[in-house]
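Engineer: Dock chain B against chain A, hints included.
Chains A and B, in that order, are what the protein sequence lines are.
Numbering-wise (my numbering), the first sequence opens with residue 242 and increments by one.
Numbering-wise (my numbering), the second sequence opens with residue 297 and increments by one.
Hints are supplied without guarantee of correctness; some may be wrong.
[What the hints assert, rightly or not] Capping the alpha-carbon separation at 30 Å, the derived lysine-lysine pairs in DSS-like fashion look like this:
#1 B:K526 x B:K486
#2 A:K244 x A:K318
#3 B:K383 x B:K358
#4 A:K343 x B:K383
#5 A:K578 x B:K517
#6 A:K459 x A:K356
#7 B:K486 x B:K468
#8 B:K468 x A:K459
#9 B:K468 x A:K356
#10 A:K356 x A:K343
#11 A:K356 x A:K244
[Claimed, not checked] Here are the in silico distance ranges between beta carbons for each label pair:
#12 B:L313 x A:W249: 49 to 55 Å
#13 B:L613 x A:A547: 53 to 59 Å
#14 B:V378 x A:I504: 30 to 36 Å
#15 B:L414 x A:L400: 41 to 47 Å
#16 B:L421 x A:A355: 45 to 51 Å
#17 A:L604 x B:K526: 44 to 50 Å
#18 A:I504 x B:P616: 44 to 50 Å
#19 A:L604 x B:L387: 50 to 56 Å
#20 A:P539 x B:D483: 45 to 51 Å
#21 A:T344 x B:H471: 27 to 33 Å
#22 A:E536 x B:P359: 20 to 26 Å
#23 A:I504 x B:L446: 44 to 50 Å
#24 B:M297 x A:P488: 37 to 43 Å
Treat the hints as calculated values from the structure; they're not laboratory data.
Idealized CB from N, CA, C, for every residue including glycine.
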Amino acid sequence: MIKLVLLWSDLLVLLLLWTGAGLAWLARNNETLRGPWRQVLGSRMGASTALVLAVYAGIGLLDSIHYVERLPEVPGKAAQYSGEVRSALDALLAPLRENVEKTYSAPFATRLYAKETVQGADGRETRDYPRLRHGGAHLADPERDFWPDLRLRSGLGMLAGLLVWSLLAAAASASAGPASSRPPGRAGGATGVLLALCLTAGLLIALAPYYHVLGTDKVGQDVLYLSLKSVRTGLLIGTLTTLVMLPFALGLGIAAGYFGGRIDDVIQYLYTTLNSIPGVLLIAAAVLVVQVQIESHPELFDSAAARSDLRLLALCAILGVTGWTGLARLLRAEALKLRELEFVQAARAFGVGHGRILLRHLLPNVMHLVLITVVLDFSGLVLAEAVLSYVGVGVDPAMFSFGNMINGARLELAREPVVWWQLAAAFVLMFVLVLAANLFADQVRDALDPKSRGRT
Amino acid sequence: MLNYLIRRVFYAIPILLGVNLLTFALFFMVNTPDDMARIHLGVKHVTAEAIGRWKIEHGYDKPLFFNARAAGAEKATDTLFVEKSLKLFLLDFGAADDGRDIAHEIGNRMWPSLAIALPTFLVGLLAYISFALLLVFFRGTPLDAGGVILCVALMSISGLFYVIGGQYLMGKLWHWFPISGYQPGLDAWKFLLMPVLVSVVASIGDSARFYRALFFEEIGKDYVRTARAKGLSELRVLFRHVLGNAMIPILTGVVVVIPRLFLGSLIIESFFGIPGLGSYTIDAIQAQDFAIVRSMVFLGSLLYIVGLMLTDISYTLVDPRVRLE
Numbered sequence: 242m243i244k245l246v247l248l249w250s251d252l253l254v255l256l257l258l259w260t261g262a263g264l265a266w267l268a269r270n271n272e273t274l275r276g277p278w279r280q281v282l283g284s285r286m287g288a289s290t291a292l293v294l295a296v297y298a299g300i301g302l303l304d305s306i307h308y309v310e311r312l313p314e315v316p317g318k319a320a321q322y323s324g325e326v327r328s329a330l331d332a333l334l335a336p337l338r339e340n341v342e343k344t345y346s347a348p349f350a351t352r353l354y355a356k357e358t359v360q361g362a363d364g365r366e367t368r369d370y371p372r373l374r375h376g377g378a379h380l381a382d383p384e385r386d387f388w389p390d391l392r393l394r395s396g397l398g399m400l401a402g403l404l405v406w407s408l409l410a411a412a413a414s415a416s417a418g419p420a421s422s423r424p425p426g427r428a429g430g431a432t433g434v435l436l437a438l439c440l441t442a443g444l445l446i447a448l449a450p451y452y453h454v455l456g457t458d459k460v461g462q463d464v465l466y467l468s469l470k471s472v473r474t475g476l477l478i479g480t481l482t483t484l485v486m487l488p489f490a491l492g493l494g495i496a497a498g499y500f501g502g503r504i505d506d507v508i509q510y511l512y513t514t515l516n517s518i519p520g521v522l523l524i525a526a527a528v529l530v531v532q533v534q535i536e537s538h539p540e541l542f543d544s545a546a547a548r549s550d551l552r553l554l555a556l557c558a559i560l561g562v563t564g565w566t567g568l569a570r571l572l573r574a575e576a577l578k579l580r581e582l583e584f585v586q587a588a589r590a591f592g593v594g595h596g597r598i599l600l601r602h603l604l605p606n607v608m609h610l611v612l613i614t615v616v617l618d619f620s621g622l623v624l625a626e627a628v629l630s631y632v633g634v635g636v637d638p639a640m641f642s643f644g645n646m647i648n649g650a651r652l653e654l655a656r657e658p659v660v661w662w663q664l665a666a667a668f669v670l671m672f673v674l675v676l677a678a679n680l681f682a683d684q685v686r687d688a689l690d691p692k693s694r695g696r697t
Numbered sequence: 297m298l299n300y301l302i303r304r305v306f307y308a309i310p311i312l313l314g315v316n317l318l319t320f321a322l323f324f325m326v327n328t329p330d331d332m333a334r335i336h337l338g339v340k341h342v343t344a345e346a347i348g349r350w351k352i353e354h355g356y357d358k359p360l361f362f363n364a365r366a367a368g369a370e371k372a373t374d375t376l377f378v379e380k381s382l383k384l385f386l387l388d389f390g391a392a393d394d395g396r397d398i399a400h401e402i403g404n405r406m407w408p409s410l411a412i413a414l415p416t417f418l419v420g421l422l423a424y425i426s427f428a429l430l431l432v433f434f435r436g437t438p439l440d441a442g443g444v445i446l447c448v449a450l451m452s453i454s455g456l457f458y459v460i461g462g463q464y465l466m467g468k469l470w471h472w473f474p475i476s477g478y479q480p481g482l483d484a485w486k487f488l489l490m491p492v493l494v495s496v497v498a499s500i501g502d503s504a505r506f507y508r509a510l511f512f513e514e515i516g517k518d519y520v521r522t523a524r525a526k527g528l529s530e531l532r533v534l535f536r537h538v539l540g541n542a543m544i545p546i547l548t549g550v551v552v553v554i555p556r557l558f559l560g561s562l563i564i565e566s567f568f569g570i571p572g573l574g575s576y577t578i579d580a581i582q583a584q585d586f587a588i589v590r591s592m593v594f595l596g597s598l599l600y601i602v603g604l605m606l607t608d609i610s611y612t613l614v615d616p617r618v619r620l621e
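For reference, chain B alone in the conformation it holds in the complex:
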């Protein structure tokens, strides 16, 4: 298994390099640093000197791939691609446009993100799977049909309305929780409960229906009939056999996202004023701070690849037939 993992790490390198090349092409070649400077300094009345000064200040005054003026090996290293893009591999994110260190910000902001994303993930998983199992248990009855209709209706509502509705009802009308904001430490739960609740409810339609379909696929198989024939109760069949055998497809969708929980949710965080990585990214997008966007893209891809590896490992845990070689 160790060999397998080492090989996977090596496979990850070209992918991350591809991601880097893609973002580099977007942010430096399609959109030259001159364009960037012009946007930051205001589109009109920009002098060439002002652009030059801005580029030097932010370290964008180098050639893209090849520096003819530098000496020796620096011809290839003292370039924008190495400075801005390849350094991401060392987790050296550099500074944002306002001069603050991105790595430091990420270290600070991942905790609030995690504080929302982790409970959302766990509570959500529990809620979706139990709801789906409930529907499967009552299959063929009006309860199941009604549940499916409810799911389709719930997934037809834009996520924005869940947030707005939650804030309006629970925050403004019923005064259960503060509408938005955050406080570090133990008092944080007051601010966390509503975002978690809203995000769990927002995707219950989609997810419960997905899991229901998974379980339905399993329930038609022979081993389920055998289990029933042995005289096992329906609950035991569902929880032990169906759930257990549906684990592989469930894990495929679930484990991948675990590492990315650090990055938080863009929408939820910015709506609820949580100072996490999601709102950091949104602010960067709105302020057109490309350094932050680039770092987050890289980090997101890295965590996705870690998630894929974790998925493979998790298969060996739930299915003894799977061996990683």
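Chain A extracted, bound-state conformation:
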């Protein structure tokens, strides 16, 4: 039996989903709003990167469905629940989470990284690399069986991936209509990336339960599990920060440009002051304060998960409150221009109120700037999380995140032989996410920004 748990960040994820769905629903029949997005998703680059981002988002969403397990019933007592909060992703990755080794082991290793005293069959004790408890444990003789087994399993996995891909590709081309009626340039779409994703997924599903595909870390946890769990943290920082930042940037930026005068002076003063403080220092100062507050009120949090969750949210809030200045300045300049245009002047001449003008005439006309900035900022925020966590002002040290992963793995390069797999895993997962986000952002900008149209 399980009971669903709603952490604060899960709630915000839901809110984000609702907002996204709502906006999509509003835009569904509006050709001016849909056009640019169709252009983004119609291009090969846009479709491919959107697909990659969707996979990451899927992992993050699965990881946002939290629950606690019911402990074995004790007669005469009310039902008790475990204090450990798990997510749907944990349930899916149960074999990875449970296959814990003693310490480091290399990717696909069948033996431990460090030597130990092992008792041989004849009772003598020798120093040797012991067999792993889980990685390759199904092999009778790892030296002999390893390669055939690996070949068989990866072959099957790739075959399955290929099968799924061809089904998906067939379904996609069937729904898109006959090839001749499709607009030119869309033919390829994202099939290449889809193939790569299907093959990777097939390989991982076939191999991960039997081997540690990306090795294990210092306390023997599977690195693949750690990296997949880190995805949610990165995504949350990239998106929730935006959620915090937008009201400030929109409200203050447009108000400054539209009203001008005293209001403009005050808002300009606000963002010059915030801007003048070195970014990392301001964030560090605010995070330190939050940290002290959390430490001195331990009674507010009923579980470790709730605590690190709140710290993550605090970090997003801080990044948002300190990060709205750039967009606000852009919006101010745009509003300054728009308020002199005929349609705004006409609205004012007809006696339309300020609130209505701001909402109906200004807001829709700056939305492209907002969208472009939001998408462009995302990758920067994912990268910032790693740096901030390294400095010690990022997410909770116990939380799964790329920053914590890199931080923990950094000194292991000094070992002999080198423990490289943790860094490599964090590198690849982050690189793919940020690269996809950067390329996607470029596509969005090209589609939405009238100035950059036709430029590369």
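Structural biologist: Leaving out everything else, chain B in the frame of chain A:
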């Protein structure tokens, strides 16, 4: 121009005051000195006397804004706000939690910071602009397209990996440079070369792409066509006309950071063990020494405002149309 600058100095005062109020609110009102004492003395088993003693030792035993017990004008001056916050305006930073004088530390530590930040800045600027010009020169060819893809890939890698990779390859594997550390004097170059190299490479993707976009904006304009029509060579068009006219946007981003070079880089310095202001700040953050953090915030804002003024002055140097009045 002098009038303009004097006015700018006066404009700077409310901004710095705002910065001070903000940090003061963060470190003294949201987070009371009692909280601070508790963290430094260990969260558990702290007695009220121990907190009181710690506050007296570190000078935190005063009221925030108004001291009712003091006499006369001291009612307003013998307070935490004046002692800890307003004194920063006189560059009086006070003492860190370990008792050392912050101003003295800053004076010592700015030189190693500068020794890394200045070469990084200059070499970086040169590298980014030449790379961007190269891409613009070969625009429309596969070289340009490849360069842009390289830039996007480079900027998608976390800065931490550049540092770790640089240390591993150049330090551990190839033994070119010591992995970290610092030595004052002439031998310092051995320790400086790798951090400079790593920081230049780390931001080449971002910056080169930015400059490339700037140059692209210029290259479509009429004066460039005129220059070409006159029969000028492409190199001359790029270096004299495009670069010259792109100077204003370039300076906007570049001059602001010059004064802040003193503060060094947080990440680079702490990774490479350079005893500069960046690592000083990081250590302070990790030890929760708020006195140092507050001083660095103030100094950073001050230098930013100086940078804004320098930017305005630099405009008059590259564009004769700009006059400061």
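Engineer: When the structure is checked against the list of hints, which entries are broken? Sort them ascending.
Structural biologist: Hints 1, 4, 11, 12, 15, 18 and 19 not satisfied by this model.
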